[in-house]
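Undergrad: Chains A and B are the protein sequences, given in the same order.
Each residue of the first sequence is one higher than the one before, starting from 465 at the first, in our numbering.
Each residue of the second sequence is one higher than the one before, starting from 552 at the first, in our numbering.
No wet-lab data here; the hints were simulated from the structure.
Among the clues, some could well be false.
[To be verified] Derived pair list, reagent style DSS-like, types lysine-lysine, alpha-carbon separation capped at 30 Å:
| id | chain 1 | residue 1 | chain 2 | residue 2 |
| --- | --- | --- | --- | --- |
| 1 | B | Lys741 | A | Lys500 |
| 2 | B | Lys737 | B | Lys810 |
| 3 | A | Lys500 | B | Lys787 |
| 4 | B | Lys766 | B | Lys722 |
| 5 | B | Lys624 | A | Lys514 |
| 6 | A | Lys472 | B | Lys644 |
| 7 | A | Lys514 | B | Lys608 |
| 8 | B | Lys766 | B | Lys740 |
| 9 | B | Lys766 | A | Lys518 |
| 10 | B | Lys837 | B | Lys871 |
| 11 | B | Lys766 | B | Lys871 |
| 12 | B | Lys741 | A | Lys514 |
| 13 | B | Lys699 | B | Lys608 |
| 14 | B | Lys608 | B | Lys624 |
| 15 | B | Lys805 | A | Lys500 |
| 16 | B | Lys766 | B | Lys644 |
| 17 | B | Lys737 | A | Lys514 |
| 18 | B | Lys602 | A | Lys514 |
| 19 | B | Lys608 | A | Lys500 |
| 20 | B | Lys805 | B | Lys837 |
| 21 | B | Lys737 | B | Lys603 |
| 22 | B | Lys608 | A | Lys472 |
| 23 | B | Lys805 | B | Lys787 |
| 24 | A | Lys548 | B | Lys644 |
| 25 | B | Lys740 | A | Lys500 |
| 26 | A | Lys500 | A | Lys514 |
| 27 | B | Lys699 | B | Lys557 |
| 28 | B | Lys741 | B | Lys766 |
| 29 | B | Lys608 | A | Lys548 |
| 30 | B | Lys553 | B | Lys741 |
| 31 | B | Lys810 | B | Lys777 |
| 32 | A | Lys500 | B | Lys553 |
| 33 | B | Lys699 | B | Lys722 |
| 34 | B | Lys629 | B | Lys766 |
| 35 | B | Lys722 | B | Lys624 |
| 36 | A | Lys472 | B | Lys722 |
| 37 | B | Lys722 | A | Lys548 |
| 38 | A | Lys500 | B | Lys557 |
| 39 | B | Lys553 | B | Lys699 |
What you are looking at is a predicted structure, and each value in this text was computed from that prediction instead of being measured.
Residues per chain are reported as follows:
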Amino acid sequence: MIDFDTNKFHVNPNYRLQFEEAQQCHVLLYPEGLVKLSDTAVEILTRCQKPIHKLTLIEDLQRDYPDAETLASDVSEFLEHAAKESWLVIAED
Amino acid sequence: MKEARKLGAVQIGFSGGEPLVRKDCVELIGTANDLGFYCNLITSALPLTEKKIEECKEAGIKHIQISFQGSDKKTNAKFGGTDSFEHKLAMTKAVIDHEIPLGLNFVLHRQNIHQVTDFLMMAENLGAEFVELANTQYYAWALHNRDKLLPSQQQLVEAENATNRFRDQHKGNMNAIFVAPDYYEKRPKKCSAGWGTTFITVTPEGDVLPCQSAKIITGLEFPNVKNDSLNNIWEKSDLFNRFRGTSWMTEPCKSCPEKEQDLGGCRCQAFMLTGDAYATDPICDKSPQHDIIEKAIESAQTDKEESQPLYFRNTQNSKKLAVMEENS
């Protein structure tokens, strides 16, 4: 499990994050299944294609969305969920 | 594959028979990957080598499923028909070492279902993340051997309990699911998630099927990708519209309040067991032909002689069966 206070992480390299023309939305593909992503999830996950630290991610998002008041806690909650679903994995050095 | 992507397909499964028998399998995987498909390979592992696994990974394979027919060399050879156990183990390990997501599939029936715990131990030792304990469903060759393969109720309960015990005792990363044979259910399963809703199968000769086994239904015409676009076949062909939705149904499905939940069940199973592809899947206890299932289940509760030989899929038996079916 990822420790978000210390580990860098990125999107599971065995999953595939992409935009689908036919469905007009972003999806995350995994063995024999997929999940359609909300706009918020896309904003977060596209920033995790390369290894990133939670604090950097939040700073980055806050810069683009300065008015989002509960951003830090929302992102933390999403990251916990994403880790549990194996969408994100620890980045090896 | 390009046409399927345009239709909105995102997952592709290279399956068989044995997909790696095709010399261009890796090339197909590469093309599918470039088109944006998430590529799955369903294999017996027999034609796999370290080199082939590397080539598949290079081409963009994202998931490999390997099947076992027994948890030891002897059982696997008996039901798989080949002395392949050690090779399957080695290839499973190699797939994991190459960090390709792996699913292990154990094909269960009354003669190996007692090995569930051994299967799970083996999978855990190999480092598998996903294990499917899949009871044989009774189509094609399994149907001809049903009396020798359908487990008893007690065997099923014991196997499910063993799976649950294993889950409780081993809190690792391995996810194990147990798929019971639908003979023991009261309601049927949707025909491959619903005829013409989710899946599209293209055979090596280009025929297009709503499910892998649809060819067993006689009287259907199968469109071919060489003559028509996949889009037309999906939207307009008689085959894909034949059992789509609920308007084709006869009684008791037609007026059943649950018809949207199972869409009348599996068309292949209905045809195989009743001779009528429009009939209610006899798995359903509302089917007037449900006694076919009850009889099979009743027969499965009694002990069988070990000496009863299985009717294996091979050229000789295929020919015999073809003659028998022609005569009937």
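Undergrad: Now tell me if each hint is right for this structure.
TA: Hints versus structure:
no.: 1; hint: B:Lys741 to A:Lys500; in the structure: holds (23 Å)
no.: 2; hint: B:Lys737 to B:Lys810; in the structure: holds (14 Å)
no.: 3; hint: A:Lys500 to B:Lys787; in the structure: holds (28 Å)
no.: 4; hint: B:Lys766 to B:Lys722; in the structure: violated (43 Å)
no.: 5; hint: B:Lys624 to A:Lys514; in the structure: violated (44 Å)
no.: 6; hint: A:Lys472 to B:Lys644; in the structure: holds (28 Å)
no.: 7; hint: A:Lys514 to B:Lys608; in the structure: holds (20 Å)
no.: 8; hint: B:Lys766 to B:Lys740; in the structure: holds (19 Å)
no.: 9; hint: B:Lys766 to A:Lys518; in the structure: violated (53 Å)
no.: 10; hint: B:Lys837 to B:Lys871; in the structure: violated (35 Å)
no.: 11; hint: B:Lys766 to B:Lys871; in the structure: holds (19 Å)
no.: 12; hint: B:Lys741 to A:Lys514; in the structure: violated (41 Å)
no.: 13; hint: B:Lys699 to B:Lys608; in the structure: violated (39 Å)
no.: 14; hint: B:Lys608 to B:Lys624; in the structure: holds (28 Å)
no.: 15; hint: B:Lys805 to A:Lys500; in the structure: violated (34 Å)
no.: 16; hint: B:Lys766 to B:Lys644; in the structure: violated (35 Å)
no.: 17; hint: B:Lys737 to A:Lys514; in the structure: violated (49 Å)
no.: 18; hint: B:Lys602 to A:Lys514; in the structure: holds (29 Å)
no.: 19; hint: B:Lys608 to A:Lys500; in the structure: holds (25 Å)
no.: 20; hint: B:Lys805 to B:Lys837; in the structure: holds (12 Å)
no.: 21; hint: B:Lys737 to B:Lys603; in the structure: violated (44 Å)
no.: 22; hint: B:Lys608 to A:Lys472; in the structure: holds (25 Å)
no.: 23; hint: B:Lys805 to B:Lys787; in the structure: holds (23 Å)
no.: 24; hint: A:Lys548 to B:Lys644; in the structure: holds (25 Å)
no.: 25; hint: B:Lys740 to A:Lys500; in the structure: holds (25 Å)
no.: 26; hint: A:Lys500 to A:Lys514; in the structure: holds (21 Å)
no.: 27; hint: B:Lys699 to B:Lys557; in the structure: violated (45 Å)
no.: 28; hint: B:Lys741 to B:Lys766; in the structure: holds (18 Å)
no.: 29; hint: B:Lys608 to A:Lys548; in the structure: holds (25 Å)
no.: 30; hint: B:Lys553 to B:Lys741; in the structure: holds (28 Å)
no.: 31; hint: B:Lys810 to B:Lys777; in the structure: violated (35 Å)
no.: 32; hint: A:Lys500 to B:Lys553; in the structure: holds (21 Å)
no.: 33; hint: B:Lys699 to B:Lys722; in the structure: violated (35 Å)
no.: 34; hint: B:Lys629 to B:Lys766; in the structure: holds (28 Å)
no.: 35; hint: B:Lys722 to B:Lys624; in the structure: holds (27 Å)
no.: 36; hint: A:Lys472 to B:Lys722; in the structure: holds (25 Å)
no.: 37; hint: B:Lys722 to A:Lys548; in the structure: holds (15 Å)
no.: 38; hint: A:Lys500 to B:Lys557; in the structure: holds (17 Å)
no.: 39; hint: B:Lys553 to B:Lys699; in the structure: violated (43 Å)
The structure shown violates the earlier hints numbered 4, 5, 9, 10, 12, 13, 15, 16, 17, 21, 27, 31, 33, 39.
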